[in-house]
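K.L.:
Here's the letter readout for the chains.
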Amino acid sequence: MIVFWFIVITVLWVGFLLLEGFDFGVGMLQQPLGRDAAGRSTVIGTIGPVWDGNEVWLVVAAAGTFAAFPGWYAAMFSAFYPFMLLALVALIVRGVSIEFRGHVESARNRRIWEIALCVASALIPLVLGTLLGALLHGVPINSAGNFTGNLGDLLSGYAIFTGVTITVICLMHGAAFLGLRTLGEVHHRALSASRMLAPVTALVVIAFAAWTRVDVGGVLLSWEEFLAILAAIAVVPLVYAGRSGLAFAATSATMAFVVISLFLELYPRVMVSSTGAANDLTTTNTAAGHYSLAVMTVVLVVLLPVVLTYQAWSFYVFRRRLGGAARPVEGPPPPGPSEPATAVVAGSEHAPDPAGELTRPAGPINRVTGSVIRLAGPLFVPRRPPKRGG
Amino acid sequence: MSVDLARVQFASTSIYHFLFVPLTIGLALLTAVLQTAWYRTQRPEYLRLTRFFGALLVINVAVGVVTGLVQEFQFGMNWSQYSRFVGSVFGAPLAMEGLAAFFLESTFLGLWIFGWNRLSRRVHLATIWAVAIGGILSAAFIMAANSWMQHPVGYKISNGRAELTDIGAVLTSQVFLRGFIHVVFAALITGAGVMLGVSAWHLRKRSSPEVFTRSAGIAIYVLVPATLLNMLIGSELGVTEGRFQPVKIAAAEAQWNTCQPCSFSVFQIGGGKNDETPTQILEVPHLLSLLATNHWNGKVIGLNQLQAQYSQQYGPGNYIPNVFIQYWSMRVMAYLAGLILLIALWGLWRRGRLSESRWFLRVAIWSIPLPFLVNTAGWVLTENGRQPWIVQGLQKTQNAASPSVGTATIITSLVVFLLLYGVLALVDWGLMVRYARKELAPAGTQPDAEAPLPEPSY
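Chain order of the listed sequences is V and R.
Using the working numbering, read the first sequence as starting at 1 and increasing by one per residue.
Using the working numbering, read the second sequence as starting at 1 and increasing by one per residue.
Treat the hints as calculated values from the structure; they're not laboratory data.
Backbone N, C-alpha and C fix where the C-beta goes; we use that ideal spot for every residue, glycine too.
Some clues are possibly wrong.
Residues on chain V that point at chain R, a partial pick, calculated with CB under 10 Å [as the list claims (entries may be wrong)]:
(1) Leu203
(2) Tyr291
(3) Ser314
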């Protein structure tokens, strides 16, 4: 039961960084990739409907730790107090900036919220990634399970590099996501960003795996580190071949295996104590009783499949690509009068409405004729040769 | 010192968070009702109202969600001893809240906001109901967790920690069931109060009176029964708490010595710690007996007697919360709730000619701030009344804080949160005022359901 809950916590972190990972990537990339207001609206619009649901994975990971491993939750949140504070501020700013930028009237205020979104989206994975690295690297914990160090003890080189690794993967993951979810200019910029980021990400992941070996000892790579490196390297040819769908799958795998490797390196510990192995927090010395774990297991087994189903459905509903219709997509031409030109004209009809800031560049959506959905093309881009300098 | 600062931080961030929680739970329900009305009648005014109040909902949900994160993290950050002690019992409802409520609320809110043109009318209606149900579920789980702190049940103490032994007992505790219903009705009153106030503002300005008369009417029809019922439920909750937490109720009346029957003072001067014989003004005989015990001649044990009893039971210490705060938070809650009821009843009387009732419209705008004050006072009453305990009878607040977190750290985080929350409040308030004062889009832009709708305000 205790092992099962350690796996659950790992899965929740994987779910969080897999889903929010591209939200963070998109949040960072809206600045360089969305060159004007419309471009940034397109970029942010890709995560508009889903980021809030994705964030709940973190909420459940934290609450799940609280319930299943109270000793871990108590030690981690109080030891990493400055990290938690910074992460909370960044999470707050990130959440409201997406919301507020769609509502504020002046262009200047909108810019402020967009820059806030960019900074916050970078800080969250950096801080939380550093935290995960520090769990493994070890911080001073006494026999009562309480932190005894200071800020310097939390900031080891390895921990910081773990944060950098997670952040870089988020960037790559976000670029791959934008490659899947956008059209037109933004799409081309996302693809060229992917081509730039992919080799960097692969190198960072390799360096991370190597540093992990140095930091925790041992010579051989574990299977999950091997898979993480394999996935990170696979991203490179995939983005150069323009295979957006597979590239996104590979960035997802990279993120998943990096997170899994951190947790498996930890197990059976949950927080390494730098004051000696006797003070390590482990799954068994921090776990809640059998009964509460059993209750939680029932709830999880019943609810998680339901949650996954409707969350997947929401991704399906918002599968339509966003972005300018200026470059026609290869594939079947849209039927009827809804040619791209019509789309632009019809889109401007809605311009006086301050609404739809996030999605307006997508053009109008006529549910009856389904014009935009056809216009937008299928979820996976038709393959095309890489276009440089897009 | 650091315990006090941690308390200030928890209290201030909770109060702030709970400005947004009841508003969004209430508005989600009312928006769902408006959209259902549109779905069934096809009348465009209901669609316009759905959009209008939906926009107010969406602005506030964002702040409610992110400030909730602070609450969840804060247990571990500032109250690690508490977290270790109660995690097995208290963490379970929090995790269930995330799984059952937050996923539902967040995912379907995204679907609702962006799904106007992508989902069928029926499915789109279902999404706002899912949001509303998610909100109510989240209230259920968080109230289960909170009620356990007021009245711990279904646990055993092993290795110095509370271990869950009976989840059924936690989820059927009287304090929980009454507290949960009390909070859901409070949320409904908050949403309806804002709806009435905003509608009244527009009716005064004569903007779209035919539409805002409807929303004002709906709000009044929700407010009258909800406020009446919630007063009864609150009074029942008071009796229940009086049984399990007699200090809380005795302190709310500044009742230092046992009485039978007990009168209720409408207000008084003094009555605090060093003044056990306050000047009571306007005493209502038997009312305290009735409120605290449901009996005409019920006995209310005084604070001095309870202090003696607890000192014997739990060892020496001060077992009396701040009486001044208890006494006045109870009265602010009850009296302002009475004002809300009066406004709603006035509206009920003037229904059918609301738009001509200038005085009513002027006063009805006050139904916007009143529920927030009532909610805050209610929480102060129930949480301050639990002191000095963090978990009634099991753990004291002073033993619950994080040993590794120093005063300077908490001061830093307190200042950071206050500044950040201040900025959020200003922006949110500015947006609310702008959106609430916005004139409704003319009916012509909202044609029949077959035509493409403009993207929603998001």
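K.L.:
So, for every hint listed, does it hold in this structure?
P.N.:
Going down the list of hints, with the structure as the test:
For Leu203 (chain V), the shortest C-beta to C-beta distance to chain R is roughly 33 Å, which exceeds 10 Å, and the interface hint is violated. For the restraint placing Tyr291 (chain V) at the interface with chain R, the shortest Cβ-Cβ distance is roughly 6 Å, inside the 10 Å limit, so the hint holds. Evaluation of the Ser314 (chain V) hint against chain R yields a held restraint, the C-beta minimum of about 5 Å falling below 10 Å.
Consistency with the previously given hints fails for number 1 only.
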